[in-house]
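Q: So the chains spell out like this:
There are 4 protein chains.
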Amino acid sequence: MIVVLKQDSDESDITRVNSKLVSLGVQTQVTVGSSGVVIGLIGNTSVINEEEIKGDKSVEDVIKVKEPFKKANRKFHPDNTIIDICGRKIGGEKLAIIAGPCSVESPEQIISVAKSVKDSGAGFLRGGAFKPRTSPYAFQGMREEGLELLKIAREETGLPIVTEIMSPYLIDKFIEDVDIIQVGARNMQNFELLKELGRATRKPILLKRGLSNTIEEWLMSAEYIMAGGNENVILCERGIRTFEKFTRNTLDLSAVLAVKKLSHLPVVVDPSHAAGMWWMVEDLSRAAVAVGADGLIIEVHNDPANAKCDGDQSLKPERFDNLMKSLKDIAKAVGREL
Amino acid sequence: MIVVLKQDSDESDITRVNSKLVSLGVQTQVTVGSSGVVIGLIGNTSVINEEEIKGDKSVEDVIKVKEPFKKANRKFHPDNTIIDICGRKIGGEKLAIIAGPCSVESPEQIISVAKSVKDSGAGFLRGGAFKPRTSPYAFQGMREEGLELLKIAREETGLPIVTEIMSPYLIDKFIEDVDIIQVGARNMQNFELLKELGRATRKPILLKRGLSNTIEEWLMSAEYIMAGGNENVILCERGIRTFEKFTRNTLDLSAVLAVKKLSHLPVVVDPSHAAGMWWMVEDLSRAAVAVGADGLIIEVHNDPANAKCDGDQSLKPERFDNLMKSLKDIAKAVGREL
Amino acid sequence: MIVVLKQDSDESDITRVNSKLVSLGVQTQVTVGSSGVVIGLIGNTSVINEEEIKGDKSVEDVIKVKEPFKKANRKFHPDNTIIDICGRKIGGEKLAIIAGPCSVESPEQIISVAKSVKDSGAGFLRGGAFKPRTSPYAFQGMREEGLELLKIAREETGLPIVTEIMSPYLIDKFIEDVDIIQVGARNMQNFELLKELGRATRKPILLKRGLSNTIEEWLMSAEYIMAGGNENVILCERGIRTFEKFTRNTLDLSAVLAVKKLSHLPVVVDPSHAAGMWWMVEDLSRAAVAVGADGLIIEVHNDPANAKCDGDQSLKPERFDNLMKSLKDIAKAVGREL
Amino acid sequence: MIVVLKQDSDESDITRVNSKLVSLGVQTQVTVGSSGVVIGLIGNTSVINEEEIKGDKSVEDVIKVKEPFKKANRKFHPDNTIIDICGRKIGGEKLAIIAGPCSVESPEQIISVAKSVKDSGAGFLRGGAFKPRTSPYAFQGMREEGLELLKIAREETGLPIVTEIMSPYLIDKFIEDVDIIQVGARNMQNFELLKELGRATRKPILLKRGLSNTIEEWLMSAEYIMAGGNENVILCERGIRTFEKFTRNTLDLSAVLAVKKLSHLPVVVDPSHAAGMWWMVEDLSRAAVAVGADGLIIEVHNDPANAKCDGDQSLKPERFDNLMKSLKDIAKAVGREL
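Quick note, the sequences are listed as chains W, H, D and C, same order. According to this note's numbering, the residues represented by the first sequence are -19 to 318, in order. According to this note's numbering, the residues represented by the second sequence are -19 to 318, in order. According to this note's numbering, the residues represented by the third sequence are -19 to 318, in order. According to this note's numbering, the residues represented by the fourth sequence are -19 to 318, in order.
In isolation and in its complexed conformation, chain W is listed as follows (with noise of 0.2 Å):
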């Protein structure tokens, strides 16, 4: 951490400053220039209240030379994470492809989707069960009975499910009955669920990245969960919200390779969200796929056409069954198989 003064700072203000530092337990080196003066901190600088120092009249900066992440940090984990959820994997050489409808609307779909998303190769299913809308009058998911159904889909196909959590209330439930908990983008700064979801389970959190927040803030919020005791996460990429109109966001496919410098977590792609137009998914996919991603989200629907949510985004199963085919020879290009 290096702390910037203020080109006018006399004598007084430096040994003030230093003197502060000194008392919260880190070794300083001052550097004085004609550009102004620097106070270089060596040791535990984690003990130090950026904000504090901030506060000092003469502190014109306080820079960050290390990141404020600890657990999710390669730099003291330097090898890939690789998630076991019932056997399959997420973060190894095999990518992890999660497929399945926005919302999960009856036995029917769910079930049909699921069997036909497992034909193709997917290794699990996705279904909105507790649906995050932004307006109260629209569909809100079939919450209880939509958990239910995505479990009798899995007795039937094997696959393991995802589904999205938006409350403390419902912690024990999902639990007992998902395989990959959700944090939407909306949630990824709700910290009160992620510090329940760190402290109460090791079931493996899927924590989408809010909609414009930062790739810092982002592990940060991995950390929040890490930091409870559950070092489970799974990243998910979802686009950004930007000035660009076209999209309904814009995929951020370079933050794929920061997550991967930075931090040892996989990292999936959900180009369904990002795009928010189908004839996208399948090239965005194949993007993902050859930027390094550890996986794809992929909304797949038997009839996109009266989806209750999302329709425009959904690919229909035949679409799906074809881009997984195409995957194969992009996986094998960047050394990963599907």
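Check each hint, because a few of them may be wrong.
One copy or two, it doesn't matter: identical chains are merged, so the pair holds either way.
The list that follows gives simulated cross-link-like pairs (lysine to any residue, SDA-like), each with its CA atoms no further than 20 Å apart [as the list claims (entries may be wrong)]: (1) Lys175 <-> Tyr149; (2) Lys69 <-> Asp159; (3) Lys225 <-> Gly256; (4) Lys95 <-> Gln120; (5) Lys74 <-> Asp309.
Everything labelled a hint here was simulated from the structure, so no lab data went into it.
With the hints as your guide, set chains H, D and C onto chain W.
A: Using the frame of chain W, we list chains H, D and C on its own:
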């Protein structure tokens, strides 16, 4: 609502889409032009699930003519909503000034700040007990103990208290203890929390705008609370996330005007979090009053250099006192009083 | 085009707006519903000045059904445009690889890099002679002298040269010396420059997307060049400005898909400027090819540690050579060749 | 300037980077801590090419302690710059009010608007002759003829004229004819144009902030003009591009404060282009004066419903007159006069 069909739609496409719309209970009017086909919907279009329509292969776009919020909509409630909190009003001619520290830190701190802001003319006391922090290792607030201290400060000064809720588990406690329950920017789309705040209480909710949420999404979140039965919602603009890095966020004062046009709900401005720098707070406060905000929420700390959080955006009590004086003329110039 | 009237419009408002539209030469169809009045326009709506209509007090919104670009529009030109540069094609089955240093720095540097990228399989040489720099005190390029060195490098290798134009004064010189004239991101809406490049030459123009320009604006800038008569426009996605700070810009690969859908023009991707970090360039290049780009533009420098600009985003020749090899399989997987 | 080395840098890395820095003519001070190595630079760091340093494989980051702008920097010029235009001042106690239509459309229009804004108290006349339009098919302005009409309006009213330059070819004409030469948002980083405006004239330049340019980039563009010798630069905040779609752009009033802190140059605000809706202009104008802007630039049109461009953001003369009256009290409250 207007449904635009793709240019290459043929007779059967038009018939299919039109029949579907009619079956949903609306009347339609089809216009066929050289630039394509549009279907205008007449009747209660709120029954139409936009996404279901968009899923049809011939639909190019669905255009909403009416805003999706109802209870928050000024069209159905032309007069300003004025909210009464222990006899003090928000939304009327008199400006609501909410002031206090970022976090409650000790009895001395909160009582001293409460007294001083009251003396300067503030009408409400703010102070964080539960703190949403990006890092799990940062100070998380004094939590329940902080709430107790706020109650003591209220007793000493008579100022109603405003503090942030982060978990649905605490709703009962907040209903009992707090005068205005704040929902922070990061929880603006924590829909389960919003629903409960709508159902369980009639206490006023101060709903901050999310970091990158549109004005429409913000009003839809207010609608979540109102749909549950609690119409006492106060909106709070606190800066949005943009590419600019000099300020912590970009204060969007045009949002105040947009909200006033679209909705009858009162809206206050938080210049402290928007700018992230205390020296901008006074000028931005004057601008917020000039633009027509119904009040301000300002961070004031007796010792910013040692504040546990956000010290660099807090005003000292003397500065806050000066600000209050200078606001009088601005308020008068725009037909308000302090 | 659809004109939506305000909900409180009365008979005389409808008549006034409708008459104005008819007087402009289009047919209209008025739909009166409970949710308001809409007027659908039939005929040649390109004569309508949208802003003129919006100025009427009863007009709520004017909605375009057709895209505003014509010559760049795929609807009127379904086949891909393939551009021929000295016998090399951009937009066809074979990918166009443009490589070279950020700036031309010396004869040795540019000739050595040119030879090495040619040996690795690049088809075009890039190199900046006139450099757009944020600071007037930064290296501004070797300017005319740089152009001369590029010509020598072309003679030595046979690679066509691509370089950026910054001023209309230099158009004649560029037409004579350069094979593909690049318009940089900051000049994407320098309309006077675009007009002259449309009028004065048929040389291919490589049009980079502006830092925060929408896809529609980008295509409208292509339209400026094409409207002047020069239809040889190559689009280049190079990252957009978002809130994320880890990468210099955010590479928007979905823009490639959008452009391919909306337009027949070829589009290449510049991963070097997007990421701003050399270690991301290879993976992003693979993703760009996988998504369907028609080519890549990559910074390669023989001595990045001492480059005069953008050293940290340049690949060394050996790495570029490896990248080219690894691209072959990806290209094949998506039906292209290198 | 501070150079941060990567954590795994060894003795030889430190020596290599340090020697390079010393060879460039600065003194260095190396601090080795557990959190890495930092090298503080002492002396004239403006000779250091940041990117050259960043290219070294051991360099993690280069942190600027000083702003990169000099002539625009308040540190070297503590007093406000006041610019004199034909005896009228911008930057002093009196607010500069620049008003007029988006485009010059006819002699009657421009003279009538000029007279009315003068009567209301405006000090300068604006009007576009050369118009930057997204579409090549949109009205491009009356061009040279528009300039002539502005001169006639100036003769009739005595108001100095402000109009936008779009091409370096026209600099001589603008120098002769125009009192304040405007550089539009889209040309803020048209560096060749900026350089010529710095070299060729001492006429004041009104430099609009680019749609998505940071405050630092904006000041660097001012620096381009000033470095050429023309220190008469007036900055203009006109809204930035964000995710919000309700307003055309997001007016960033905190930018006024940032510019005032960092620079001595005057800054005016354009609420008309920022909001894009006439009914927001009055309130935003009051906010801009309250925040401390040195003036306003406002679109006024005698017949907005039939304006050739931007009719929906133009005020009618009567409304402008009322606005001017209401600004008086706000101006007085912040120590300014109208």
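Q: With identical chains, the pair Lys69 and Asp159 could be close in the same copy or across copies; at 20 Å between alpha carbons, which is it: within, between, both, or neither?
A: within (12 Å within a copy, 50 Å between copies)
Q: Should Lys225 paired with Gly256 be assigned to within, between, both, or neither, using CA atoms and 20 Å as the limit?
A: Answer is both; intra-copy 11 Å and inter-copy 18 Å each pass.
Q: How would you classify Lys74 and Asp309 at a CA-CA limit of 20 Å: within, between, both, or neither?
A: both (13 Å within a copy, 19 Å between copies)
Q: Between copies, within a copy, both or neither: which fits Lys95 and Gln120 at Cα up to 20 Å?
A: neither (25 Å within a copy, 46 Å between copies)
Q: Treating 20 Å as the Cα threshold, decide for Lys175 and Tyr149: within, between, both or neither.
A: Both: 13 Å inside a chain and 13 Å across chains, each within 20 Å.
Figure legend: structure checked against the earlier numbered hints; the only hint not met is number 4.
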